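Given only the sequences and the hints, what does the whole structure look like? Please build it.
2 protein chains.
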Amino acid sequence: MPYPAKLTAEKILKVALELFERGGPDALAMRPLADALGVRPSSFYRYYPERAALLGALEAHATSKLHDAICRAAYGKAPDAAFFAAAYSYLDYARAHPHLFALLLGPRAPYTAEPGPGKDLWNEVLGIVGAITGNSDDTAATVAFWAFLHGFALLERSGQFGVSGPKGGFERGLRALLEGFGVN
Amino acid sequence: MPYPAKLTAEKILKVALELFERGGPDALAMRPLADALGVRPSSFYRYYPERAALLGALEAHATSKLHDAICRAAYGKAPDAAFFAAAYSYLDYARAHPHLFALLLGPRAPYTAEPGPGKDLWNEVLGIVGAITGNSDDTAATVAFWAFLHGFALLERSGQFGVSGPKGGFERGLRALLEGFGVN
DNA sequence: GTCTATACTCTGATAGAC
DNA sequence: GTCTATCAGAGTATAGAC
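Protein sequence lines correspond, in order, to chains A and U.
What the first sequence shows, in my numbering, is residues 1 to 184, in sequence order.
What the second sequence shows, in my numbering, is residues 185 to 368, in sequence order.
Everything labelled a hint here was simulated from the structure, so no lab data went into it.
A quick note: this is a predicted structure, and the numbers were derived from the prediction, not measured.
Each hint should be verified, as a subset may be incorrect.
Unchecked claim - Non-contacting residues of chain A with respect to chain U, defined by C-beta distances greater than 10 Å in every case (computed):
hint: 1; residue: Lys77
hint: 2; residue: Gly127
hint: 3; residue: Ser158
Unchecked claim - Only pairs whose alpha carbons sit at most 27 Å apart, straight line, appear in this in silico DSS-like list of lysine-lysine:
hint: 4; chain 1: A; residue 1: Lys14; chain 2: A; residue 2: Lys65
hint: 5; chain 1: U; residue 1: Lys303; chain 2: A; residue 2: Lys167
hint: 6; chain 1: A; residue 1: Lys14; chain 2: A; residue 2: Lys167
hint: 7; chain 1: A; residue 1: Lys11; chain 2: A; residue 2: Lys65
hint: 8; chain 1: A; residue 1: Lys11; chain 2: A; residue 2: Lys119
hint: 9; chain 1: A; residue 1: Lys119; chain 2: U; residue 2: Lys303
For each residue, glycine too, the CB sits at the ideal point set by N, CA and C.
This is the structure we're talking about:
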């Protein structure tokens, strides 16, 4: 009977993404996902061998979207402006998609495409930072920049800091890094 | 019959800590915890109303230990030396206790003592940064410093970067911040 | 080749007896 | 204060219907 098949990997991923974006990891349960697809829970094990594979696919999606956002934000800008634009688009993504963002630097799971979209994202940021420091392969500075962006997004999400505190800290850190990268 | 009680909140926390440090959140399940305590799973709901409360207590413990480590590392040092010492002890804690560390800036849960040990830790770092910038209540710079430390620890743990990359990035970022804080 | 039915083991949590 | 008994829900494996 099932010609064409009711399920495809893409359809599953699309619905999984919706559930995950609203409710986070807890909302992405196999049974509700099956209900939303009009199917039985065991059905999509043909497409994703386990739940973690689904999460891995979501992480790849998030990485790709973040990459797109940063590319758009930095495109055609002078080095300093691109640096700030990339930073703010990173933060914007974390705010707009908190659950997907939380997937990004999680403890290393399987189902993480090592040389996948993560590599593209890295190279994009590497280029932006390189334009500032004058070293087109400045791994150390890129790591430092990335660490600051990611850490700040988490601090903000944790809610441990007031409203004014984090906001000022972002600008302050960015300017300090920019300044410091130029000097060293 | 049970006089004195077999359980106390401290005993439970101690065993929970052991399980959690070895195996992370998944290893802290109620039944194994009960077995380790020679007790039935339902028994410690008298002491911790739910599993999340136990995790909250572990987070408070982690915060307190990290605070101690940073205090010890920075004690009696000149501003710049204290800055680096605090940074490295933060990183060391993240490496030595990866699971506990992951609890630290998680999404805000209940059972998080808002004005608890977190406040002490914050004030300690605030003092260290203030000694550098000359402003004893430099919230923005402290947030920036903290964001960098936490982000770097996560980048490293994620394993997405080679061995040499992150290492150099830590020093690079710290020096850039130190430099930039002085200038701005 | 695709999906369903069923069942198994695990989880956190609760009610009430002792 | 701890027990027994039980619950609903999770992820997953397998056999077989179509």
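Task: Least C-beta distance between Gly127(A) and chain U, which was stated to exceed 10 Å - done: Holds, since 16 Å exceeds 10 Å.
Task: Separation of Ser158(A) from chain U, once the least beta-carbon distance is taken, above 10 Å - done: violated (4 Å)
Open item on the list: With the threshold set at 27 Å, check whether the alpha-carbon distance from Lys11(A) to Lys65(A) stays at or below it.
Closed with: holds (18 Å)
Task: 10 Å cut-off, C-beta based - Lys77(A) kept clear of every residue in chain U - done: Correct as stated: the minimum Cβ-Cβ distance to chain U is 21 Å, above 10 Å.
Open item on the list: Run the distance test for Lys14(A) versus Lys65(A): straight-line Cα separation, threshold 27 Å.
Closed with: Between Lys14(A) and Lys65(A) the Cα gap is close to 14 Å, so the pair holds against 27 Å.
TODO: Mind checking the alpha carbons of Lys119(A) and Lys303(U) for me, to see if they're no more than 27 Å apart?
DONE: violated (38 Å)
Open item on the list: Need the status of pair Lys303(U), Lys167(A): alpha-carbon distance at most 27 Å?
Closed with: Measuring from Cα to Cα gives roughly 19 Å; hence the hint holds.
TODO: Would you mind confirming whether the straight-line C-alpha gap from Lys11(A) to Lys119(A) stays at or under 27 Å?
DONE: holds (26 Å)
Open item on the list: Need the status of pair Lys14(A), Lys167(A): alpha-carbon distance at most 27 Å?
Closed with: Violated. Lys14(A) to Lys167(A) sits at ~33 Å, over the 27 Å cutoff.
Hints 3, 6, 9, counting from the list given before, are not met by this structure.
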